[in-house]
Amino acid sequence: MKKNHLGTIKNIQEINKNVYSIEFSSPTLEKISAGEYVSILCDGLTLRRPFSVANFENNTTTVLFKKRGSGTEYISNLKIGDKIEFSAPLGNTFKIENKKTLLIGAGIGVAPLFYLEKKLEEIGAETFFAAGFLSESDSIKHEFDFVSTDDGSNGNKGSICDYLEQIIKEFKPEKIVSCAPHPVLKFVAQTAQKHKIPCEVAMEKVMACGIGVCRGCVISIKKDGKIQNATVCKDGPVFNGAEVVW
Amino acid sequence: MVDLSLKIKDFELKNPIITASGTYGYNNEFDTFCEVNKLGAVVTKGITLEPRLGNEGERIFETYGGMINRIGLENVGIHTFLEEKLPVLKKCDINFILNIAGNTVDDYIRLAQIAQENDIKAIELNVSCPNVKCGCIEFGVNKQALYELVSVVRKNYENCLIVKLSPNVTSAEDIATSVQSAGADAVSAINTVRGMGVKLDFINGGFKKTTVSGGLSGKAIKPVALSFIDRISKVIDIPIIAIGGICTLADVLEFFSVGAKAVQIGTANFTHPDIAEKLINDLEKFMLENNFSTIKELQKKLMEA
Ligand SMILES: Cc1cc2nc3c(=O)[nH]c(=O)nc-3n(C[C@H](O)[C@H](O)[C@H](O)COP(=O)(O)OP(=O)(O)OC[C@H]3O[C@@H](n4cnc5c(N)ncnc54)[C@H](O)[C@@H]3O)c2cc1C
Ligand SMILES: Cc1cc2nc3c(=O)[nH]c(=O)nc-3n(C[C@H](O)[C@H](O)[C@H](O)COP(=O)(O)O)c2cc1C
Ligand code: FES
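Protein sequence lines, in the order shown, are assigned to chains C and Y.
Using the numbering used here, you'd call the opening residue of the first sequence number 348 and step up by one each time.
Using the numbering used here, you'd call the opening residue of the second sequence number 169 and step up by one each time.
Since the hints were derived computationally from the structure, they do not count as laboratory data.
Take the hints with a grain of salt, since some may be wrong.
Said to hold, decoys possible - Here are the in silico distance ranges between beta carbons for each label pair:
| # | chain 1 | residue 1 | chain 2 | residue 2 | range |
| --- | --- | --- | --- | --- | --- |
| 1 | Y | Ser173 | C | Pro528 | 51 to 59 Å |
| 2 | C | Glu517 | Y | Cys260 | 47 to 55 Å |
| 3 | Y | Ile371 | C | Asn503 | 23 to 31 Å |
| 4 | Y | Thr200 | C | Ser423 | 55 to 63 Å |
| 5 | Y | Asp398 | C | Gly391 | 44 to 52 Å |
| 6 | C | Arg415 | Y | Gly225 | 14 to 22 Å |
| 7 | Y | Glu326 | C | Lys378 | 47 to 55 Å |
| 8 | C | Lys504 | Y | Lys259 | 56 to 64 Å |
| 9 | Y | Ile371 | C | Ile362 | 38 to 46 Å |
Glycine is no exception: its CB is placed at the ideal position from the N, C-alpha and C atoms.
If we strip away everything but chain Y, and leave its shape as in the complex, we get (with noise of 0.2 Å):
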């Protein structure tokens, strides 16, 4: 038998493999492609205090190798989550982090609150979404901005916190480092890349142009995610949790070797709904036919290649 199971300080997960948030729903809603049971957790929709119906127009272009979403964080807000979405995580046992985004500080302090108060396991703190005008982006970027806003979360919160690392900064380690020093104990990335879309048509004689800005996720970011982690796997010890471009057991061996302890899965979820649970299955046939008891075993041989 292989053990996959590992632990983020005490937040416990059967497995590494969990779904990235904004790409699973709330709870149960891939039961009919997966055993959603099994996956070492699911990350939900962000979620903000209050509920939001997101941006207008299109919201999904397709481009090489990914998409681009500009969604601006539609969800029901904390307050139906816990009435309507939470007793169905518990009731299908379902393993799960709660993502949260904010436009203040506030709103984060009492969302990590209201975690707390309902003794939610784990948060992952969405500090990086480049889809909503103002708030959660600006803390993303700006270390002493991020360091001073995971600090005062912390001190609000006492279980699992995970902090959502964007891409899109000018120097990763800097980042990474404060919110390490801040607490946190993990840290996720990547969010999406800031990315557009243009379709142009050309109808009588004259040019139509449509224009889709928002963060770009899929196959695409993965060298990107891959770079973004090793470097800070360099600089801090926190468990790092690599999101980016996940399709296959080979992406997610080699996000292991340079440093990631777990792996969400996004936009693959859409490409193939079955996906997370035959990666789990892939993992653990892998380990089985090449003798690794553990993953903190199989981790250590990746890291020293």
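This is chain C alone, in the form it adopts within the complex (with noise of 0.2 Å):
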């Protein structure tokens, strides 16, 4: 099956201020998991651009992303029944597995895991997802199971990993899945360890080709005793979080 395909926007909304959902459908797009990808072919420029799937249903794909630079602008600027040129599936996927998993989301990270935690309730897999935002008005809306902001506007005010312990305490997880700026990463990944619960993160890096060719996305992990280099987008971009050399 190729994977370079054409797409019409079938809907496309400002859900908050510069975070946007679309959807897209091609019709040689039949299937693609949980934690793969999207690269979105922008007017003008050279890279395309990768975006997580948080959700897939008939040939239709839906991406949340936020308005950052000259890419997501562009995508933004799309209207209904535009073209769009991407390739797909690309990456890596998240294990679905039957464990009591806790759904770790922080600012737009946390689309990935809209699309796993539906693929999880499919098996019967009992699911707990936090999710950590700037504010309010930096919410993404969705029935999570628990939600901090950093202003204390929306939920419970402080970091989502200010809450981490006392999550893992009460819910009790079997498995740990987190997609977040870098810096969350870390932090989860490291108490996950630290409470022996195996851990799924999903990493981003700039990327180019995105088949793992050009080595321009890797990140170093931890392998049978051997640092090594994996790459972002071939690779991963879920890794197990006590590999990642952090």
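With the hints as a guide, dock the two chains, each given alone in a separate frame, to form the complex.
Set out below in structure tokens:
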């Protein structure tokens, strides 16, 4: 199956200030799993922009994204009916396991966890979804089990990291999955390791090829006692939190 | 029917569309986007004697019309290449050029010998990587050192020897002439142009500065490449393979018009991963519609323009 697709925008909405939800369908993309991502061609730009899949059904992909620079600016200006060229599916997947799973998302990092939560619910796995945002206006709406905001304007006050120990103690997860800015991921992975709970983290890195050939997006991981390079685009974006060299 | 094929020394290519080193992997990694064995050739990622982990820190920075990279030649090393990557090239029937890089003359000699022992049909000498501290870049900018390097590699390698030139030199003509007199079968140009990206964030009343210094590639460098090839084609007779920002059929024809016999596609593979195959189809269609039966004929017409 070829991985370059031409899609059509079915829906685009600004759900918060500078945060958009976009749905596009393509007859050639039939399946994409939680954790995998799409890479979107943006007019006038050299590099495609990677985005996690927040939902997928009936050949239609949903992506949630935050406007940051020219690529996301371009995508935010697309209209229903416009064409969109993208590569997919790229990257590896979250493991879908019937385990008590704690999902920890911060900011736009909640996006891939939406799709994972849905897949876990489909197999009957118990989940607890904790999300952290800067403020009420920055919060993405969803039925979370726990919310914190830095300024306390929505849910509990403080960083999601401040509540991690308490959540682990109460929910007793068998597994933790997180997607968040680097410092949060690091904290979650290290906390999970301390409690000897398996942990998957979804990493980010600026990408060029998206298929592991250019070596532009490598991180260091420790595997079999050896430090080695791994590409976020192909070996990841999902990594075992205990293997990442933070 | 049109005939897109060409020959560089004894190295046969089905067509003049080649994918550039470092942008296409080692073998068939692009097979979910392109029919890789339809390409004229694939140039492998730069291979060194020992595996390399490459540079620390950010390696990519997008710029207007292109990108800067400072990968630092991360590669699996020649032995793993022979064991794991070469069999796939053979099995998939992919025509390829082995790109090699070294820190010393001895590294290049050893790599050339290994290529010869394994009957690899074409090698491209990377003497122009701006991303490694010592070694290959120094050869690329000094015509005497380059002459000596190419001469000794020539003695150790009989098949098609291509030397990849750096644009970061004072005289393109001098460099190209010494490569030709040292016995190279072809030159390819250009490698990336030295460049730097700066990103400033204004946080809490202060500036946070991030810089990425490395090699600039993509559309932005096409005029640099055109000028480089135009100049060297006037002083050397061996075939020139053009590289630098090539994205469209029009780009390919422009490079033919200044003397290139084949082209390599680099950064454009990232923007459009199916571009290489598309360019072959576009070229074939153009020739068919305009009654050119061979590439030679098309290139001759373009050179006369
Ligand atoms: C696997 C993966 C999944 C992602 N999923 C999502 C998602 O679901 N929703 C979302 O909003 N964003 C996601 N991102 C981040 C998204 O790719 C970047 O925000 C986007 O590429 C920025 O493009 P731009 O042109 O708007 O900004 P630019 O002008 O390119 O950059 C603006 C800022 O974003 C940073 N940036 C640029 N590209 C990336 C990148 N690939 N990864 C991380 N930071 C980057 C730059 O360093 C800069 O600080 C994901 C990134 C990866 C690697
Ligand atoms: C990510 C990246 C990695 C590269 N790695 C190599 C390499 O290993 N060896 C080499 O000779 N050139 C390397 N190059 C240079 C390209 O082969 C090519 O000469 C250059 O990018 C200009 O062509 P373009 O504008 O079409 O990309 C690399 C370029 C990029 C963008
Ligand atoms: S983006 Fe090229 S290796 Fe990851």
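Evaluation of the provided hints:
Between Ser173 of chain Y and Pro528 of chain C, the C-beta spacing of about 52 Å keeps the proposed range 51 to 59 Å intact. The hinted range of 47 to 55 Å is satisfied by Glu517 of chain C and Cys260 of chain Y, whose Cβ atoms lie roughly 54 Å apart. Here the CB-CB span from Ile371 of chain Y to Asn503 of chain C is close to 26 Å, well matched to the stated 23 to 31 Å. For Thr200 of chain Y and Ser423 of chain C, the hinted distance range of 55 to 63 Å is not satisfied, since their beta carbons lie about 28 Å from each other.
Between Asp398 of chain Y and Gly391 of chain C the C-beta distance comes to about 27 Å, which lies outside the given range of 44 to 52 Å. Distance hint check: the CB atoms of Arg415 of chain C and Gly225 of chain Y are about 20 Å apart, consistent with the given range 14 to 22 Å. Against the hinted window of 47 to 55 Å, the Cβ-Cβ separation of Glu326 of chain Y and Lys378 of chain C comes to about 49 Å, which satisfies the hint. Taken as a hint, the range 56 to 64 Å holds for the pair Lys504 of chain C and Lys259 of chain Y, whose Cβ atoms sit roughly 60 Å apart.
Our hint of 38 to 46 Å for Ile371 of chain Y and Ile362 of chain C is violated, since their Cβ atoms are close to 26 Å apart.
In summary, the structure is inconsistent with hints 4, 5, 9 from the numbered list given earlier, while agreeing with the others.
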